[in-house]
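Asker: Sequence:
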Amino acid sequence: MTHTQTPPSSTPTTEPSPTGASLRGLAAPVRQPRLIPLLLDAVTFEPGGHLGEWQQLNRDATIPHCIENLESSGVLDNLRRLVGSSDQTFRGLWFADSDLHKTLEAVGWESARGLAPGVAHFVDDAVTLLASVQEDDGYLDSWVQGSPGQARWDDLRFSHEMYCAGHLIQAAVALSRGCGDRRLLVIARKLADLLVAEFGEGARDMYDGHPEVETALVELYRETGHAPYLELAQRQVELRGRGLFSGERFGAQYFQDHAPVREATEAIGHAVRQLYLAAGVTDVYLETGDESLLEAMKCLWDSAFTTKTYITGAHGSRHRDEAYGDPYELPPDRAYAETCAAIAAFQWNWRMLLATGEGQYAEEMERALYNGIAVSTSCSGRQFFYSNPLQLRTGHDGTSEDAPSERLGWYSCACCPPNLARLIASLQGYVATSNSQGVQLHLLAAGTVRANAPDGSTVTITVETEYPWDGTCRLEVSAAVSSWELAMRVPAWCSEPSAKVNGSPLRVPAGPDGYVRVECAAGEATVISLDLPMPVRAVSAHPRVDAVRGCIALARGPLVYCLEQVDQPDDDLLEDIRIDPASLPQPAPGMSPGVVTQLVGEGRVFATWPSGLYGDPRQEDAAATHKTTITAIPYFRWANRGSNAMRVWIPTI
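Residue numbers for the sequence shown, in the working numbering: 547 to 1199.
Please note: incorrect hints may appear among the correct ones.
[Said to hold, decoys possible] SDA-like cross-link-like pairs, simulated, lysine to any residue; straight-line CA separation at most 25 Å: (1) Lys-844 with Gly-789; (2) Lys-736 with Glu-681; (3) Lys-1046 with Val-1091; (4) Lys-736 with Gln-696; (5) Lys-736 with Leu-628; (6) Lys-1046 with Thr-1006; (7) Lys-1173 with Gly-1161; (8) Lys-1173 with Arg-1083; (9) Lys-844 with Arg-795; (10) Lys-736 with Asp-670; (11) Lys-1046 with Glu-1022; (12) Lys-844 with Arg-864; (13) Lys-736 with Ala-798; (14) Lys-1046 with Val-1027; (15) Lys-736 with Gly-695; (16) Lys-736 with Gly-771; (17) Lys-736 with Ala-749; (18) Lys-1046 with Ala-1084; (19) Lys-1046 with Val-1073; (20) Lys-1173 with Lys-1046; (21) Lys-736 with Leu-569; (22) Lys-1046 with Thr-1072; (23) Lys-736 with Leu-785; (24) Lys-736 with Ser-568; (25) Lys-844 with Gln-906; (26) Lys-844 with Thr-1072; (27) Lys-1173 with Ser-1129; (28) Lys-736 with Glu-784; (29) Lys-1046 with His-1088; (30) Lys-1046 with Arg-1095; (31) Lys-1173 with Gly-1147; (32) Lys-844 with Ala-798; (33) Lys-1173 with Ala-1153; (34) Lys-1173 with Arg-1095; (35) Lys-844 with Val-1091.
[What the hints assert, rightly or not] Ranges between beta-carbon positions, derived for each pair: (36) Ser-1029 with Pro-1081: 53 to 61 Å; (37) Val-629 with Leu-1119: 54 to 62 Å; (38) Gln-578 with Gly-748: 28 to 36 Å.
For the record, the hints were derived by calculation from the structure and aren't laboratory data. The C-beta atom is built at its ideal place from N, Cα and C for all residues, glycine as well.
Could you put together the complete structure from these sequences and hints?
Answerer: Here it is, written out as structure tokens:
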């Protein structure tokens, strides 16, 4: 292994140290990447801005909701029973510990902004409980520990033992970075040391059926500087794909065990497992510099994002095995599109962005964030989708937890709500980066960015915008001692961007990497006006996506829009509505220019068809068609007004 700088050292303590937080950024590599994450407190969202409001909702509603459900679902009692403080039998799925760990991670990232007393008490109680359950050699898994006859590591196909350990490690890193509380880090290191002893070089050649521990081990290495954690992560990556699980009825692809990572050229199998593994492999590349891993990830990315990603940034077209389908197999009504898969894709793209500096990865982060991730949470912050279809038919049976008509408060497999909580709590960490040239803005959001210019002096960038509703952005940049470069991503959806620097026009469009670059002169403040016009766009799918051939989707800025039955005339069912691509709906009259939550226009209803399921389309009675007014809303806001039919892809006239 080759490192370009000395790994950080860390001596874990057993007491919290609120002033001792490292505030290191998200997936911040030790080895110098192309782009460097900013510190956790470097970006502050404007409270009234879109991302600021979302993060506050997460703090006020989603995180407390997760904590409440850890109690009511039995997750905490599963641990308490091991120390005699609960007489409950095990409840939930065998990997339910991970729900606690992800919630603790969310609290850890949130702690960089301070915690409410009740949440702080939750951390104290949870860490104390985990410490009391952990065995002397570091082992910690409530399902295995509380199941007579269940041996450790005996069934890594399904046991999720290393998966749960990974989420515990990531929670410990978040608390350490967010507020300097290293108590959970002590627990995590004991567990990680056991993993090294059990699965390190010269030990068992085995890996978990659900990838996750790989990226967690790399993060623990970054936090502690302890090389064996990185070496184990690298070994897990190198072992993967030996076909150890190939005899299972789910198949080797489900477990990401069908091929070594350098030979797996197609995104395949269980979507979340695929994306978590890809993030872990990219993390290993970032610390080792093994270019063969990066090339493999670029190839895999091309498969996932050019042939298997929904317009909303969602992944996974098959309910069976929660899996990717064939290339261009993207049915809107049968989309599984698991929330956790969109989150995993967001996290993988972040790592690819750090590794390459290429704007296509930030593009996909934005697409997923505002659509495939945002749709999963209700306006209350307390109900969630697990799967996220792009069409819900009239008469849909939404009684199944697998495909409900409305968001639910919790799930028997509750991976998504705490996963959302941890992402949104850390969202500011994904906005910007720096390097030897200057600072790069990847996600446009109202707020303040504080970063170091290449000369080490601090610069402040204040962003005023109503993005994603409006494309007008004003940036005030403080003076620095020497010249430096500010790079701003110009979204690919914008066809006519323009910009001014201190009142003078700046040449736009951006360069081939998707960024427009501004030279900020030494000793001078800079004011930048960036205008990204947001006309309503008709988006067509690749012609090989048979399921939506002859349809268009409506988009404005980064947002995908949809039709919801509640907004249409009662007798005009969504299945009968068509649209003219030459006459698109426009922002509703009288709506605030900064927040466009409705598009209104004309459509036609084709309400007749020969009797039965099949007939001759030439017999369609054109005289029976009529005009109708159609209303489209942002996709992420559907299903907040009761159970309704919905569709993103609309047939054309």
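Asker: Each of the hints needs a verdict: does it hold here or not?
Answerer: Results for each hint:
1. Lys-844 with Gly-789: holds (23 Å)
2. Lys-736 with Glu-681: holds (9 Å)
3. Lys-1046 with Val-1091: violated (40 Å)
4. Lys-736 with Gln-696: Holds, at roughly 21 Å.
5. Lys-736 with Leu-628: Judged against 25 Å, a Cα distance of about 19 Å means the pair holds.
6. Lys-1046 with Thr-1006: Judged against 25 Å, a Cα distance of about 19 Å means the pair holds.
7. Lys-1173 with Gly-1161: The given pair, whose Cα atoms are some 24 Å apart, holds under the 25 Å limit.
8. Lys-1173 with Arg-1083: holds (21 Å)
9. Lys-844 with Arg-795: violated (30 Å)
10. Lys-736 with Asp-670: Holds, at about 19 Å.
11. Lys-1046 with Glu-1022: Holds. Lys-1046 to Glu-1022 sits at ~12 Å (cutoff 25 Å).
12. Lys-844 with Arg-864: At roughly 24 Å apart (the allowed maximum being 25 Å), Arg-864 and Lys-844 satisfy the hint.
13. Lys-736 with Ala-798: violated (31 Å)
14. Lys-1046 with Val-1027: holds (23 Å)
15. Lys-736 with Gly-695: holds (24 Å)
16. Lys-736 with Gly-771: OK: Lys-736 and Gly-771 at ~15 Å, within 25 Å.
17. Lys-736 with Ala-749: holds (17 Å)
18. Lys-1046 with Ala-1084: violated (29 Å)
19. Lys-1046 with Val-1073: holds (8 Å)
20. Lys-1173 with Lys-1046: violated (44 Å)
21. Lys-736 with Leu-569: holds (23 Å)
22. Lys-1046 with Thr-1072: holds (10 Å)
23. Lys-736 with Leu-785: It holds: about 23 Å lies between the C-alpha atoms, which stays within 25 Å.
24. Lys-736 with Ser-568: holds (21 Å)
25. Lys-844 with Gln-906: Answer holds: Lys-844 to Gln-906 is near 11 Å, not above 25 Å.
26. Lys-844 with Thr-1072: Distance of about 36 Å is beyond 25 Å: violated.
27. Lys-1173 with Ser-1129: Measuring from Cα to Cα gives roughly 13 Å; hence the hint holds.
28. Lys-736 with Glu-784: Distance of about 24 Å is within 25 Å: holds.
29. Lys-1046 with His-1088: violated (36 Å)
30. Lys-1046 with Arg-1095: violated (41 Å)
31. Lys-1173 with Gly-1147: holds (10 Å)
32. Lys-844 with Ala-798: holds (22 Å)
33. Lys-1173 with Ala-1153: holds (11 Å)
34. Lys-1173 with Arg-1095: holds (23 Å)
35. Lys-844 with Val-1091: Distance ~23 Å between Lys-844 and Val-1091 Cα, so the pair holds.
36. Ser-1029 with Pro-1081: 53 to 61 Å: Because 36 Å falls outside the window, the suggested range is violated.
37. Val-629 with Leu-1119: 54 to 62 Å: holds (57 Å)
38. Gln-578 with Gly-748: 28 to 36 Å: holds (31 Å)
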